[in-house]
Structures are given as C-alpha cells and as structure tokens.
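A.B. asks: Each chain is listed here by its residues.
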Amino acid sequence: MEYKKLSLGGYNLHLIKTDKFKISHVEVIFHNNVEIDNITKRQMLTRMLADSNNTYKTNRKLNLKLEDLYDASYYAFTSKVGNSFVTNFAVDFLNPEYTEKTLPKETIKFLFDMILNPNVNISEFDNKTFDIVKGKIKDNINLISEDPKRLSVLNALKYLGNTPSAYSNLGDIKSLDEITPNNLYEYYLNMLKNDYIDIFVVGNLDMEEITKYIIEYAKFNVIKNHIVNMHVDNKKIKEKAYSNNIRSVQSNIVMILNLNNLTEYEERYVANLYNIILGQSSVQNKLFRKLREENSLCYSISSYYQKYDGLILITTGVDHNSSNKAIKLIKDCLKEMTNNISDEEINNAKEQILTSLTYAKDSLDRIIDNYFYLSLGEIDDIDTRIKIFKEISKEDIYALSKKISISVIYTLEGGTNE
Amino acid sequence: MNKIEIMGAKETLYIEHLDNGLDIYMVPKKTVKNFYITLNVKYGSIYTKYKWNGEKYEDPKGIAHYLEHLMFNMPDKDAFKYFATLGSAVNAYTGHEYTCYEVFSNSKFKENLSYLLKMVYTPYFTKELVNKERGIISEEIKMYEDDPSTLLFRNLSENLFINDERKYLVSGTVDDVKDIKVENLENAYKAFYQPQNMFLIITGNFNPEEAVAITSDVMSNYGFAENELPEVLYNNEPFEVNSEYISKEMDINKAKVAMAYKVPKNNFKSLKLSKLELKLYLSLIIKVNFGTTSIINDEMKSNGILNKIIGSRIEETNDYYIINFMAETDYPDYFVNRIKDVMNKISINEDSIKRKIKVAISDLIWLFDDIEEVNASLQDDILKYDNVITDIYQIYKSLNEETANKVISKLDKKILTISIVKPEN
Numbered sequence: 000m001e002y003k004k005l006s007l008g009g010y011n012l013h014l015i016k017t018d019k020f021k022i023s024h025v026e027v028i029f030h031n032n033v034e035i036d037n038i039t040k041r042q043m044l045t046r047m048l049a050d051s052n053n054t055y056k057t058n059r060k061l062n063l064k065l066e067d068l069y070d071a072s073y074y075a076f077t078s079k080v081g082n083s084f085v086t087n088f089a090v091d092f093l094n095p096e097y098t099e100k101t102l103p104k105e106t107i108k109f110l111f112d113m114i115l116n117p118n119v120n121i122s123e124f125d126n127k128t129f130d131i132v133k134g135k136i137k138d139n140i141n142l143i144s145e146d147p148k149r150l151s152v153l154n155a156l157k158y159l160g161n162t163p164s165a166y167s168n169l170g171d172i173k174s175l176d177e178i179t180p181n182n183l184y185e186y187y188l189n190m191l192k193n194d195y196i197d198i199f200v201v202g203n204l205d206m207e208e209i210t211k212y213i214i215e216y217a218k219f220n221v222i223k224n225h226i227v228n229m230h231v232d233n234k235k236i237k238e239k240a241y242s243n244n245i246r247s248v249q250s251n252i253v254m255i256l257n258l259n260n261l262t263e264y265e266e267r268y269v270a271n272l273y274n275i276i277l278g279q280s281s282v283q284n285k286l287f288r289k290l291r292e293e294n295s296l297c298y299s300i301s302s303y304y305q306k307y308d309g310l311i312l313i314t315t316g317v318d319h320n321s322s323n324k325a326i327k328l329i330k331d332c333l334k335e336m337t338n339n340i341s342d343e344e345i346n347n348a349k350e351q352i353l354t355s356l357t358y359a360k361d362s363l364d365r366i367i368d369n370y371f372y373l374s375l376g377e378i379d380d381i382d383t384r385i386k387i388f389k390e391i392s393k394e395d396i397y398a399l400s401k402k403i404s405i406s407v408i409y410t411l412e413g414g415t416n417e
Numbered sequence: 000m001n002k003i004e005i006m007g008a009k010e011t012l013y014i015e016h017l018d019n020g021l022d023i024y025m026v027p028k029k030t031v032k033n034f035y036i037t038l039n040v041k042y043g044s045i046y047t048k049y050k051w052n053g054e055k056y057e058d059p060k061g062i063a064h065y066l067e068h069l070m071f072n073m074p075d076k077d078a079f080k081y082f083a084t085l086g087s088a089v090n091a092y093t094g095h096e097y098t099c100y101e102v103f104s105n106s107k108f109k110e111n112l113s114y115l116l117k118m119v120y121t122p123y124f125t126k127e128l129v130n131k132e133r134g135i136i137s138e139e140i141k142m143y144e145d146d147p148s149t150l151l152f153r154n155l156s157e158n159l160f161i162n163d164e165r166k167y168l169v170s171g172t173v174d175d176v177k178d179i180k181v182e183n184l185e186n187a188y189k190a191f192y193q194p195q196n197m198f199l200i201i202t203g204n205f206n207p208e209e210a211v212a213i214t215s216d217v218m219s220n221y222g223f224a225e226n227e228l229p230e231v232l233y234n235n236e237p238f239e240v241n242s243e244y245i246s247k248e249m250d251i252n253k254a255k256v257a258m259a260y261k262v263p264k265n266n267f268k269s270l271k272l273s274k275l276e277l278k279l280y281l282s283l284i285i286k287v288n289f290g291t292t293s294i295i296n297d298e299m300k301s302n303g304i305l306n307k308i309i310g311s312r313i314e315e316t317n318d319y320y321i322i323n324f325m326a327e328t329d330y331p332d333y334f335v336n337r338i339k340d341v342m343n344k345i346s347i348n349e350d351s352i353k354r355k356i357k358v359a360i361s362d363l364i365w366l367f368d369d370i371e372e373v374n375a376s377l378q379d380d381i382l383k384y385d386n387v388i389t390d391i392y393q394i395y396k397s398l399n400e401e402t403a404n405k406v407i408s409k410l411d412k413k414i415l416t417i418s419i420v421k422p423e424n
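As they're listed, the protein sequences go chains A and B.
In terms of numbering that gives the first Met the number 0, the first sequence opens at residue 0 and continues consecutively.
In terms of numbering that gives the first Met the number 0, the second sequence opens at residue 0 and continues consecutively.
Hints are computed from structural coordinates only; laboratory data are not their basis.
Glycine is no exception: its CB is placed at the ideal position from the N, C-alpha and C atoms.
It is possible that part of the hints are untrue.
Derived contacts from chain A toward chain B, CB cut-off under 10 Å, selection only [said to hold, decoys possible]:
| # | residue |
| --- | --- |
| 1 | A71 |
| 2 | Y74 |
| 3 | K148 |
| 4 | S247 |
| 5 | E266 |
The calculated BS3-like cross-link candidates involving lysine-lysine, where the alpha carbons are at most 27 Å apart (straight line), are [claimed, not checked]:
| # | chain 1 | residue 1 | chain 2 | residue 2 |
| --- | --- | --- | --- | --- |
| 6 | B | K76 | A | K393 |
| 7 | B | K76 | A | K19 |
| 8 | A | K16 | B | K9 |
| 9 | B | K107 | A | K19 |
Throw the hints in and build the complete structure from the sequences for me.
C.D. replies: This is how it looks when you write it as structure tokens:
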C-alpha cells in the first residue's frame, strides 16, 4: 500500500494505492467543531446531498445514473465524534479492468456534482425534495422510541448535562421543525466555506490521472486556520440512578462511566484494553461471563469506549425482575477491574486488538479511518499501535481503573408488554 | 481436488469431497490477511418431524437453535474461551433450513479450523448446561418481542402458511423452549450432524491443500458411523392462506406493512427453466418494477406515502415462491393497493433487462472483495442448488425479454396475505 498526501489549498488529498480490492473508493470528509444547535441541520443537509441534486432531481434519476456507472455506490453520513462533526460523502466503483477506462473520471465527476451542485432554486433548496428529506429525518428520529435499547442509551446520555455527548447524533423534532429550505441552504454554504476538507482515494488506480480529475472537479478554495478540538471534557459527576417505564418485555440498563484526567497513553491505549477486558465485542469478557454465562440473566451485554467523549457505556437487556441483580453484578465486574485481572484476560484482549488492527488493513473503511485520524494526530500508525498495545501491563489497567467513576445508572423499566 | 474458475470474477473455487461425506468449498484470496470459515449443517428450524433409523421423531419447536447454543460447550471448557485466546471472532446462527458455525480471524489458521471442527463434532449436553442455556435463550426471545418488525413478520408467516413450519419462530417461543430436553437434543444431533449432511466453506487468506489436510486430520479422530440420513417429514402446504389480512396495534409512531404473495412453482414447469434461471428472472422482474429505479418508488416518495424505498425479497419453500414487500408508511392500505396495482400490471422491457443484467454482473465482481459475502453466497448456492454456481455470469447474459414475459404470464397473483402493525389510537 502506497500513501501520499497533497495539500491543495482548500483541501488535503490523500492517495492510497493498493491492489487489494476489485473496487476503488473516493471519499470527501468535511470536519468541524460541533454546534449543538445545528446537529439536526447537519443531518438534514447530509441527506439532501445524498438523495438528489440539480442534475439528478429525484432519487430514481440518481439511482439510474449509479446503474450506468456499473452499479456504483454513493452514500453520505454524518457522525458526531466527541466535540466534532464528521460528514462523509463517498462513492465506490468497480476498477476499470472490469469496466471501462473512463469510469474513474466519470465517477469522480459525479461525486463532486452531487456535493457542489445541489437541487437549489435561487437561494433555497428545492421545496419538494426538502419535504421528502424532512419526512425521512423525522421518521429516523421517531423510530428511536420504537427501539428500547437505543432509547435507553439516548435517555441515559441526557443525564450528563449540557455537553455535546448528551445530544443525539440524529437531532430532534423541535430543531427539525425550525429548518427551512432557505436556512438549510445558508448552512450548506457555511459548511463549504468553514469546514476542513479531506479527500481520500483508495484503489488500484493511476493516481497521477486521478489527481488531475480531483483538481478539476473539487472546487474547494477556502483555506481554514481555526482549531477543531474533538475531545469533550465531560466532568466527573456524582453517581446517580434514574429510571423510566416503557411498555416492553425486557428492562434495558445503561451504565455510564466517566474516564477522568487520562494521559494520552491511557486514552489511546490502556482504556481500549480496559474496555475489551470489561465487555467489548468478544464474548469472553467479564460482563458476558458474569451476567450471561454464570447467571443466565441476559442474551447480550456490551461495553463501548467513546474515546473522544471520555466515556464508557455499558448496555444490556434483562428480565424486568432482574434489573437490580444485573446492576449489582456489573458493579462487581467494575470492582474486579481494579484488582483482579488474570493473565489470560489481558492476553486474550491483546490478541483481539491484534486481530482487529490486522483486519483494519483489509477494510476500505478502516483504511480511510486510519489515515484520517492519523492525519489529525489523534492516533499512531498501525504498527506502532500493535507494538504499544503488546506492552501494556496489568498495573497500567489497575491505575486507569482508579480514574474511572460511575456517573449515570439508567433503567428503562419493562415488564408491561407480556 | 476440483479447481473451477468463477466466470467473470477472476477467482478460483476449490472443492474437495472427504471420504466421511463432508464437502469442502474454498475460495482463497491472497491479497487479504483475514480468513472466514463456516461449518454448515443442513438442519434448521423447520426440521422438527423426521424419520431416522426406523424411528419417527417429533421435536419441540426451536430445537435447532437450542442445539446451536449448546455446541459451544466442551467437556473441558467452553469454546468461546479457546477462541478468545486466538483473538478470533466466533459465532453461530440458525435459519429455517440450516445452522451455521463461523469463525473470523487473521492468524493461527490451523488452530481456528481445527477447533471449529472439534467444537461441532464434540456434542456435550448435560442437564445442567441445557437448563442454564434455557434462561439465556428465553432472554434472546424476549429481546425480539419488543421489536415491531418481529411482530410484523411473525404475523405475516402465521397467516401465510397453513402447515409449513416456517410459520413458527426459528427460536421457538419461551413456552416451546421450556419443553426441550437433553434427549431431544441428542437425537437431533445424531440424526443431522453427520458429515454427509454438512459442508465447510473457507474464504480469504489460506492454503486450500493445507485446509483439506487439517480437516481430514481432525475428522479422523472421530468415528463417524455410516448412518443413513434422516428423512424430513414435510407437511403438505395448500395453495391458500390462513388469513388474508391481519392488523395489530403497538406503541409505535409509524405503521409497518408487509405483504407476501404465495406463487406455486408448478405454474412455471412448462417453461422448462432451471431452478436458478427461474429465480434470476423473478428477481429481475421484481427489481425492475419495485427496486430503487422503479416508477412506483418515485411516485410513492413524491406523494408522501413513503420516505424510504419499498423493501422486497423472494423466498422459496418446497412448492412455492414467496414474494414479499415491506414498508413503513402512514398510509398502509393505500400502499397495499398500489403494490397490488403494479403486481397486476407487472411488465418488463429489453432496456430494463439489459440494465439490470449489467448491475448483476457488476455486483458479482464486487462481491469478491468481501470474504464474508463470498462465503454467504456459496452457502446460499449449496443450500438452494446443492452446488456452487460458477457460470452465473453466462446465465445472466442469456436472460431475455421473451422468456421474462413468459415468466410474468405464469406469475400467479391470486393468493397473498397482508400484515400491518399500526400505532395505537
């Protein structure tokens, strides 16, 4: 894999040449500080630019075009990463050896047409498209209440107080109602002008040719020099339990842990390993063993490390009569994390990280993620990470566990739908 | 070992048939570091009645899924623990007609493959373990009971099928699993978990010769008796539905609707198409008329009936194709009527066929970038056609307007059922 970065005034171009894939990928990433009032607007704008534009005014016309491009795949999404918005517009297309030599140029032209030529009449988004997209966003927000697990996480986060971490990435209905075709267009112009922009190209392509196409179509000229700080400083708060009722069979429990005053080493490395041993993905972790295997309390239980928020979230669904027992057992696991980690647990966690980091080299999305966060100085390169992870000791984890505090215990009580 | 080129994709399929009856299908890919192994059993939730070794068995529902959970127990420790030491991701899932055990990793290929085989060929069911698992499975079932889509499709299946076991949940209900005993599980295991009723698929970075050697070696430690395969007893499924319409209320914001047409396979017999060709034609016809580029999708989005596209899916039973449509809408009855209108006037032309063939061929190549997708595609072929389809590229190119219209003319649209989950009043 050959990597090259070019700074081209209004944006950075990252070229990653590899023959791993039968497809190629071009992705444009907009990146800026979060504005809590604009979370919903950002989501709406992303969908507007994903569903149609001035050339392809309906989603059907857009899909016909993608079929013409040998079923290329175009998609866009916005994430709230800690204190920042990250908005991605991406297109995947078959390599020219399976299609036509002109396909890369045509597809790149298409991608920038989607971003830079929106469906706008004078100074506002086309009203009909706006209404369709608004309906879609409204559905997405309302659907949360139909999913007790997601609802319990969002409800729990609200108890963190006025911090970006407490707000749903999807936005809210009140803010959605305040969006107009005109103020959304103004927000679009603002994003083009003020966001940092990184363009990634991955594939077995003639990168010199590709650079020419990007320069021709990526008309982003504004140079930015403000600071984007991705990290949210969530202050330690006193542990408190909250609950609501819902008509569901199970009770959903969310426990939020604050990670206080971590060093960069702890934040990048030790906390990851801590989370894997506690409850991330692998089915061999403390929470899974204690709640599912030893007590048959749940089908699944997981913990998630949100590095940029300085939080760990633990979620599970249990019988409504077992909530208290489940919370007690989770606390027992946290206690064990302070003084009782076996060699097997730490070795297994390191093996899991090694597998995941090796996998990252085979995944298009992970390759881009890796170079994006590397270019922001937020992570080290994969080989360095592998080396450092291998050296983490039990003592490092015990020291970290002393900096972890429970802030919110939330139960969405079920038991009323049986 | 057989070596077959997969047309259009520049990839090679390796097939080995072991003496004990196990078939191994392999697509190596040296440009990646990962590998993905699935060990599949042709045994799923619908196989609850069977004859074997002169005895007739009638099992409680949910038994295949229960067995899947228990297979991770080993006499010395549970298999999860061992795979954790390798840093691998291991899991399993059960469908109507199969159970699949999977492992994904990028190092220690021999250890991963060996242990997956050992795990599945070492049944270890104690009363204590069976009881422990009952609580976990009950929570899994309850977890889905809160999901409106589960209710929607459960109602759809219950109304679509009269006797077919597909009308029941793969997992069974909490009450069903209360009745499952060690003896049921042991019998089902002995009958169905025989190498000649199973197949192994490996994709990603590995050496096929080595994979075959490891598999043969591990399996030589097990004395597989030369048993006959069980005869699954299917219930005759009539060309009718239990009920044409069911509507339930739930605490949700937007109605969910699902429709299923029950189309007899016999209708297409005179066309003399292979099973695969017929499936491709049906899929093409539904995509053209209801897919992302269809007029009905655009129409229903622009008049506010839908915000997202219409979902569609074709399933197969022994005697029927089941054509499903699903959507979320505030106007479920209008949606149903429009789908019926389009189904009644369903059509296709040369241009749209060419367009969809181009898409299908692109997707075929695309698929090979993802070792999990390749594995799933092979699994689907083997379960449906008892073989891997390596010339699909050629078959796609042979699809034509004249035959597509003949298929349309035989498409029976008389029998359907509709399931709606509405917000409470």
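A.B. asks: Hint by hint, note whether the structure agrees.
C.D. replies: Hints, verified against the model:
This hint holds: A71/A has a C-beta 8 Å from the nearest C-beta of chain B, less than the 10 Å allowed. The beta carbon of Y74/A is not positioned within 10 Å of any beta carbon in chain B (closest approach about 13 Å), and the interface hint is therefore violated. Given the 10 Å rule on beta carbons, the hint for K148/A holds: about 8 Å separates it from the nearest Cβ of chain B. The beta carbon of S247/A comes within 4 Å of a beta carbon in chain B, closer than 10 Å, and the hint placing it at the interface holds.
The interface hint given for E266/A is broken, as the beta carbon of that residue sits about 23 Å from the closest beta carbon of chain B, more than 10 Å. Restraint check for K76/B and K393/A: the C-alpha separation of about 24 Å stays at or below 27 Å, so the hint holds. A threshold of 27 Å between alpha carbons decides the hint, and for K76/B with K19/A the separation of about 38 Å lies outside it, so the pair is violated. Our distance criterion of 27 Å between C-alpha atoms is met by K16/A and K9/B, whose separation comes to about 20 Å.
With a C-alpha separation of about 21 Å, the suggested pair K107/B and K19/A falls inside the 27 Å cut-off, and the hint holds.
Of the numbered hints stated above, those contradicted by the structure are hints 2, 5 and 7, listed in ascending order.
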